[in-house]
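Student: Here's the letter readout for the chains.
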Amino acid sequence: MPRFVRRSLLLVDMSAMSIPGQILSAGCDVLILNLETAPRQWRSALNKSEMSSIIATATKSAAEVFIRVQRDTVDMDLEAAVWPGLTGIFLPEVEHAEQIQEVSRHLADLEHRRDIRGGALQIDAEIGTAAGVWNSLDIAQSSPRLAALSVGETSLYRDLQLDIEAHLDKDPLRFVKGQIMVNARAAGIQAQGMSYPLSITLEEADEPRLRQAVRRARDMGFKGAICPHISWVKICNEGFRPSDEEIAYYRKVRELFADGVRRGLASVPFEGKMIDVPVDRRAQAFLEWGELCTRRDAEKTN
Amino acid sequence: MNSMVNRCVLFVPINNPRFVEKAWTRGADAIILDLEDSVPMSEKQKARGLVRETIAKVAKGGASVFVRINKEFAEADLRAAIWPGISRVILPKAESADEVRFVANLLTELEKERGIPVGTIEIYPLLESALGVVNSYSIATSSPRIKVMADAGGGYDTALDLEIEMFADFDQYAYMRELPCLAQMTAGVEAVGAPYIPGTSGRVNQADEGLALAKSLHDMGIHQAIVLHPALVEPLVTGLTPKPKEVKWAEKVMDIYEALEQKGENIAEVDGKIVDIYEYRRARELLQWAEACAAKDRYKMRAVTEAQSEVA
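Chain order of the listed sequences is C and Y. Residue 228 in numbering that gives the first Met the number 0 sits at position 229 of the first sequence, with consecutive numbering throughout. Residue 311 in numbering that gives the first Met the number 0 sits at position 312 of the second sequence, with consecutive numbering throughout.
Calculated directly from the structure, the hints in this document are not laboratory data. C-beta atoms are modelled at their ideal positions from N, C-alpha and C, and glycine is treated no differently. Each hint should be verified, as a subset may be incorrect.
Think about it this way: if two alpha-carbon atoms lie no more than 25 Å apart in a straight line, the pair counts; the simulated DSS-like pairs of lysine-lysine are [claimed, not checked]: (1) Y/21 / C/272; (2) C/169 / Y/214; (3) Y/146 / Y/21; (4) C/272 / Y/43.
Some chain C residues flagged as far from chain Y (calculated, every beta-carbon gap over 10 Å) [what the hints assert, rightly or not]: (5) 20; (6) 47; (7) 61; (8) 109; (9) 112; (10) 118; (11) 160; (12) 206; (13) 250; (14) 255.
Quick look at which bits of chain Y chain C covers, simulated, 3 or more residues with Cβ under 8 Å [stated by the list, open to error]: (15) 38-52; (16) 102-110; (17) 155-166.
Produce the entire structure from the sequences given, and follow the hints as far as they go.
Tutor: Printed below as a string of structure tokens:
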């Protein structure tokens, strides 16, 4: 079971003190306030009351709030942006475990100085370079603060010098994504990523294509995706959780298996497929995940 | 050589007398007596008690006999299951070299105690989780008892570990299959995998899907598969045995290459294909494999004939 319901992580460019209302009402699980695209001077001038007010506005939408910092100015960005209310930090282009440990030490210091519970701030590490992929297991195991590895498709494309041509069926990052996902899972954290090529082309994809891409990401083991556009949120929220039909199917699986166990069987057939311990446990996990997602969605409407 | 040929390995739930009685008639090269997921928790103890008497029963048709243990009850299962006639222990959900070494040490102790030459029994780890994939190389090199191991492509437990649906319309498991495969080959261990086959239904008894599986395995140079349903035995045994046409071509390649060497040459084009040292080695391997399959088939046939005459 993923620890966090983070199906849709909506990226919001920060360069003003306000967040547009349509973003606040988008219903995303996570808002990532992107400091990376904001001018350096604006970032360095942010003060406590300004930043606290932005965080307060963002959290009112019931989203968890992350700050995406710039790689070259991490310390400055952390000093400017880390205040109570924040869930964590989104760190781009992570290449080594040491980077995480360094940020973690800085966060511990900020928690101490700014009245935030020790160890509360999380880190999402975005893997966007070959070195990051190579070291992704080390990175995934680097700190208890680490909540997820995210696939940075756009930066991976630049770093690996791939041509940006969109073919849904030929994902050149297939192996890389598998590696990031497996390493995250092996370390007990979750992976976030979107299927090629929609996060590369940033087009306003039509809904069926987007749904298919989300389904593929989910079928590879990703539990959510970074949304560059507001129109992705609903589709990610729905696509990364089991549908009503799937929930009905998993309930049936559990019923049949429980009945089989009562009759002394360890596996029972269902529509030609075999239901045994791992299938039943998977159905249970999906049902629990569906339940968590439903609860998370209810928090947003309250 | 006989024990090397395991084209089709069939699971048999040891606690089900009906399946056990019929197992030897199924034509599988090897039978796995399953103590793990085929046996409900309430029957584990009873199932352990059945292993010793079941070995000879399922081996009657000439099949090798393996046992799949529960990782969490490894010691109790091994103490109950290691008897002459068992040639391999299937270690499911393998995640670390230490787990393998634990099993290996216990096997040594039991082999000594029960009159089995030390080192005889193989360990066959199944990688079924992300952690298993990550540790595939250290697992593959953890014991000389490992001759073959399976990657994590497509099993039910892998899907559970990753919390994903199975049988999607694309290759979900590319990394989980390819990384362990490289690790195994680097370690000199035979790699067994489950290739992605478009359109797989997930139904376990489809003979036509068995044929498609055999073809994919054959094309990837994999010589064996583990199956859940007897309907898949025949397609796999047939599909993984070299065809007469392949054997004929291999013999031709051998002749041509040997003649080339006599002339001090090392490459020729025959029927539009290159014959060189690599093709020669491939041909030699194919002929060895074909010979081993034929020997296994003769052995099985003799065993079946004997068993039938006993019944009559």
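Student: Each hint should be assessed against the structure and marked as holding or not.
Tutor: Quick rundown of the hints versus the structure:
{"no.": "1", "hint": "Y/21 / C/272", "verdict": "holds, 22 Å"}
{"no.": "2", "hint": "C/169 / Y/214", "verdict": "holds, 23 Å"}
{"no.": "3", "hint": "Y/146 / Y/21", "verdict": "violated, 29 Å"}
{"no.": "4", "hint": "C/272 / Y/43", "verdict": "holds, 24 Å"}
{"no.": "5", "hint": "20", "verdict": "holds, 35 Å"}
{"no.": "6", "hint": "47", "verdict": "holds, 40 Å"}
{"no.": "7", "hint": "61", "verdict": "holds, 24 Å"}
{"no.": "8", "hint": "109", "verdict": "holds, 32 Å"}
{"no.": "9", "hint": "112", "verdict": "holds, 37 Å"}
{"no.": "10", "hint": "118", "verdict": "holds, 25 Å"}
{"no.": "11", "hint": "160", "verdict": "holds, 21 Å"}
{"no.": "12", "hint": "206", "verdict": "holds, 18 Å"}
{"no.": "13", "hint": "250", "verdict": "holds, 16 Å"}
{"no.": "14", "hint": "255", "verdict": "holds, 14 Å"}
{"no.": "15", "hint": "38-52", "verdict": "holds (count 4)"}
{"no.": "16", "hint": "102-110", "verdict": "violated (count 0)"}
{"no.": "17", "hint": "155-166", "verdict": "holds (count 9)"}
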